[in-house]
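**Q** Kindly generate the complete structure, drawing on both the sequences and the hints.
Protein chains: 2
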Amino acid sequence: MKNVVVSTRIRLARNLSDYPFPIRMNEKVKSELADKVCDAAKTIMPFDRIDMSNITKTQAVSLVEQHLISPEFISNSEGRVLLLSKDKTISIMINEEDHIRLQVIMPSLCLEEAYKVADELDTKLSEKLKFAYSDKLGFLTQCPTNLGTGMRASVMLHLPALKKSRAVDRIGSNLTKLGLTIRGLYGESSESIGAMYQLSNQVSLGISEQSAIENLKNITTQLVTQELKARDRILSDISVVDTICRSLGILKTARRIDHAEAMNLLSNVRLGVANKLFDSLSLDSIDELMCDIQPACILQRFSAELSPSERDMKRADYLREKLN
Amino acid sequence: MKNVVVSTRIRLARNLSDYPFPIRMNEKVKSELADKVCDAAKTIMPFDRIDMSNITKTQAVSLVEQHLISPEFISNSEGRVLLLSKDKTISIMINEEDHIRLQVIMPSLCLEEAYKVADELDTKLSEKLKFAYSDKLGFLTQCPTNLGTGMRASVMLHLPALKKSRAVDRIGSNLTKLGLTIRGLYGESSESIGAMYQLSNQVSLGISEQSAIENLKNITTQLVTQELKARDRILSDISVVDTICRSLGILKTARRIDHAEAMNLLSNVRLGVANKLFDSLSLDSIDELMCDIQPACILQRFSAELSPSERDMKRADYLREKLN
Chain A
3 MKNVVVSTRI RLARNLSDYP FPIRMNEKVK SELADKVCDA AKTIMPFDRI DMSNITKTQA
63 VSLVEQHLIS PEFISNSEGR VLLLSKDKTI SIMINEEDHI RLQVIMPSLC LEEAYKVADE
123 LDTKLSEKLK FAYSDKLGFL TQCPTNLGTG MRASVMLHLP ALKKSRAVDR IGSNLTKLGL
183 TIRGLYGESS ESIGAMYQLS NQVSLGISEQ SAIENLKNIT TQLVTQELKA RDRILSDISV
243 VDTICRSLGI LKTARRIDHA EAMNLLSNVR LGVANKLFDS LSLDSIDELM CDIQPACILQ
303 RFSAELSPSE RDMKRADYLR EKLN
Chain B
3 MKNVVVSTRI RLARNLSDYP FPIRMNEKVK SELADKVCDA AKTIMPFDRI DMSNITKTQA
63 VSLVEQHLIS PEFISNSEGR VLLLSKDKTI SIMINEEDHI RLQVIMPSLC LEEAYKVADE
123 LDTKLSEKLK FAYSDKLGFL TQCPTNLGTG MRASVMLHLP ALKKSRAVDR IGSNLTKLGL
183 TIRGLYGESS ESIGAMYQLS NQVSLGISEQ SAIENLKNIT TQLVTQELKA RDRILSDISV
243 VDTICRSLGI LKTARRIDHA EAMNLLSNVR LGVANKLFDS LSLDSIDELM CDIQPACILQ
303 RFSAELSPSE RDMKRADYLR EKLN
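Top line first, the protein sequences correspond to chains A and B. Per this note's numbering, the very first residue in the first sequence carries number 3; after that it's consecutive. Per this note's numbering, the very first residue in the second sequence carries number 3; after that it's consecutive.
Be careful, since some hints might not be right.
For lysine-lysine, the following DSBU-like pairs were computed, each having C-alpha atoms within a straight-line distance of at most 30 Å [what the hints assert, rightly or not]:
1) A:K316 / B:K278
2) B:K90 / B:K231
3) B:K278 / A:K254
4) A:K38 / A:K59
5) B:K254 / A:K166
6) A:K324 / A:K90
7) A:K278 / A:K231
8) B:K231 / B:K4
9) A:K231 / B:K316
10) A:K278 / B:K324
11) A:K278 / B:K316
12) B:K254 / A:K316
13) B:K254 / A:K278
14) B:K324 / A:K324
15) A:K254 / B:K4
16) B:K166 / A:K316
17) B:K179 / B:K254
18) A:K166 / A:K219
19) B:K166 / A:K254
20) A:K4 / B:K254
21) B:K316 / A:K254
22) B:K254 / A:K324
23) B:K324 / A:K254
24) A:K254 / A:K324
25) A:K254 / B:K126
26) A:K166 / B:K316
27) B:K126 / B:K219
28) B:K219 / A:K316
29) B:K278 / A:K324
30) B:K166 / B:K4
Chain A residues, not near chain B, derived (Cβ > 12 Å throughout) [as the list claims (entries may be wrong)]:
31) I52
32) P109
33) T183
34) E211
35) F304
Don't read these hints as lab results, they were simulated from the structure. Treat the numbers as computed from the prediction; the structure is a model and nothing was measured. Note that beta-carbon positions come from the ideal geometry of N, C-alpha and C, so glycine has one too.
**A** What follows is the structure, given as structure tokens:
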């Protein structure tokens with residue numbers, strides 16, 4: 003399962019009933035609300051508080067790259083605060099589109115487990131904060147597409163074989179009918195670099211969290227089966243094995259490499275690791291590298307002052323060090 | 003010097019005065035002449051005798067690939083015999099275009115040394131065989147371009163930097179005026195794969211062996227200087243270093259690789275070895291690989307029955323084994 007499902011995410015959207023939506027609040031009120039949510043959260047478990055207006059652009063983008071916050075969250079930092087659990091499994095964005103965006107992210111496929119963590123935290127928060135809720139519409143959110151459970155459940159899938167056979171596009175259009183959507187993690191659909199895709203539920207109104215999760219889990223399992231079958235098929239082709247092996251050779255030796263090329267080579271290597279072509283590498287180590295080599299993560303690790311070419315050289319240095 | 007000059011070759015064309023040129027002889031007479039030359043040669047030093055009509059096409063082509071015989075020599079095997087010294091430094095083709103084509107091949111730049119070996123053997127042979135010689139035209143040969151000394155001296159040069167800067171073409175046209183010619187070892191001029199070039203004298207009439215060799219040596223030295231300067235220039239470019247390093251990575255990991263790609267990657271690696279980018283590899287080991295991975299040499303080493311695709315896989319296996 004881990005061969006295909008990289009990670010699981012649950013996100014809950016919540017709003018406080020005594021405040022207007024963030025778009026209608028001024029900075030002062032946003033800060034007041036942020037403090038209120040922080041105080042409540044910290045009585046439940048320890049969190050690091052990060053005021054988005056206090057961090058650099060590079061730090062902010064690297065948080066997006068790590069999927070700890072949304073790209074939308076850094077479009078405007080005013081009054082926005084991030085709470086991050088020590089192990090980075092739980093993050094709470096305050097004053098994004100909604101007052102609270104609570105997210106739980108875990109490796110591999112573990113929708114129920116991640117939902118349980120999110121649900122428990124949500125329950126405890128609701129004891130301290132008054133959430134806007136309607137018996138008819140469920141949790142109230144700024145955007146009507148989030149009404150109801152306010153939940154988005156998603157899995158990050160590595161689909162190199164389905165991408166290669168161009169099956170992802172076909173699958174994508176069928177999923178819409180099932181209330182799900184699949185998109186490339188970087189860029190759109192089949193243009194996704196690194197063959198990474200995010201599959202998530204689109205319907206939150208008129209469906210329970212459990213049903214939405216079960217639906218997502220079923221489709222995920224089907225996609226995993228399809229992907230594994232497609233892998234068996236393509237791996238009988240020596241040219242595919244050749245490409246996978248060379249990809250590791252290039253990553254181990256390159257002196258300069260851009261993000262897209264590194265991601266695509268790591269995607270090939272991940273397929274090789276999953277299919278026992280490389281003994282000394284683990285899926286976890288590849289997933290970690292895929293995260294670490296992102297542009298802002300490289301700047302954050304080495305120096306924010308690097309030019310794009312220097313960054314590509316540092317990325318190559320880092321990959322060589324980690325893979326050799 | 004060895005960084006650029008891979009090997010040196012001296013070839014002497016000789017004919018016996020009592021026989022017509024090979025083109026005018028029938029098989030019986032060719033055999034008689036071959037026996038006569040073999041007997042004479044074997045009293046001087048030990049040689050392996052290879053009757054070209056007794057070996058397979060693969061064996062014959064692999065001898066061409068090793069530069070032990072000319073491509074012309076295998077176009078027709080009738081009455082053709084090869085004498086090969088134990089260390090393969092000396093080869094004598096009997097009944098090629100001329101009765102005798104005596105060749106000495108040595109690593110690096112050593113024109114005088116190679117000529118000395120060829121000259122001594124030639125002198126000893128001339129004591130046993132009556133060579134066709136005219137005071138006016140020197141040694142008589144079938145093709146008038148070989149009249150005079152009957153000598154071709156050549157050096158095999160690795161010119162990756164001059165090739166990259168497209169300077170080889172310009173140099174080529176100037177060399178003609180100096181009585182020399184440069185050509186790609188495989189294919190023509192700048193299309194040479196592996197950036198390997200052969201520089202040789204074109205004039206054998208009205209010039210002594212010593213003058214021809216000195217002329218070739220001077221031009222070789224100049225070309226080496228130009229190549230080394232060009233290398234310093236291109237190696238300051240990280241993208242060139244990146245390409246060199248990746249080339250080794252690919253050679254160490256590929257599962258299938260054709261001859262042209264392998265040669266071009268080995269050429270990059272050879273440049274890297276010469277410029278101390280790789281500690282564990284020697285120029286000799288790369289030169290040996292460049293020879294061993296040629297199509298017929300691979301068939302000869304593994305099995306003559308391999309399909310082209312299987313051959314490319316065996317080539318990759320061989321490279322991985324030798325480089326890891």
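**Q** For every hint, state whether the structure bears it out.
**A** Hint-by-hint comparison with the structure:
no.: 1; hint: A:K316 / B:K278; result: holds (21 Å)
no.: 2; hint: B:K90 / B:K231; result: violated (34 Å)
no.: 3; hint: B:K278 / A:K254; result: holds (18 Å)
no.: 4; hint: A:K38 / A:K59; result: holds (26 Å)
no.: 5; hint: B:K254 / A:K166; result: holds (25 Å)
no.: 6; hint: A:K324 / A:K90; result: holds (22 Å)
no.: 7; hint: A:K278 / A:K231; result: holds (16 Å)
no.: 8; hint: B:K231 / B:K4; result: holds (15 Å)
no.: 9; hint: A:K231 / B:K316; result: holds (28 Å)
no.: 10; hint: A:K278 / B:K324; result: holds (23 Å)
no.: 11; hint: A:K278 / B:K316; result: holds (21 Å)
no.: 12; hint: B:K254 / A:K316; result: holds (23 Å)
no.: 13; hint: B:K254 / A:K278; result: holds (18 Å)
no.: 14; hint: B:K324 / A:K324; result: holds (24 Å)
no.: 15; hint: A:K254 / B:K4; result: holds (29 Å)
no.: 16; hint: B:K166 / A:K316; result: holds (27 Å)
no.: 17; hint: B:K179 / B:K254; result: violated (43 Å)
no.: 18; hint: A:K166 / A:K219; result: holds (24 Å)
no.: 19; hint: B:K166 / A:K254; result: holds (25 Å)
no.: 20; hint: A:K4 / B:K254; result: holds (29 Å)
no.: 21; hint: B:K316 / A:K254; result: holds (23 Å)
no.: 22; hint: B:K254 / A:K324; result: holds (18 Å)
no.: 23; hint: B:K324 / A:K254; result: holds (18 Å)
no.: 24; hint: A:K254 / A:K324; result: holds (9 Å)
no.: 25; hint: A:K254 / B:K126; result: violated (56 Å)
no.: 26; hint: A:K166 / B:K316; result: holds (27 Å)
no.: 27; hint: B:K126 / B:K219; result: holds (26 Å)
no.: 28; hint: B:K219 / A:K316; result: violated (44 Å)
no.: 29; hint: B:K278 / A:K324; result: holds (23 Å)
no.: 30; hint: B:K166 / B:K4; result: holds (20 Å)
no.: 31; hint: I52; result: holds (36 Å)
no.: 32; hint: P109; result: holds (28 Å)
no.: 33; hint: T183; result: holds (37 Å)
no.: 34; hint: E211; result: holds (46 Å)
no.: 35; hint: F304; result: holds (16 Å)
The structure shown violates the earlier hints numbered 2, 17, 25 and 28.
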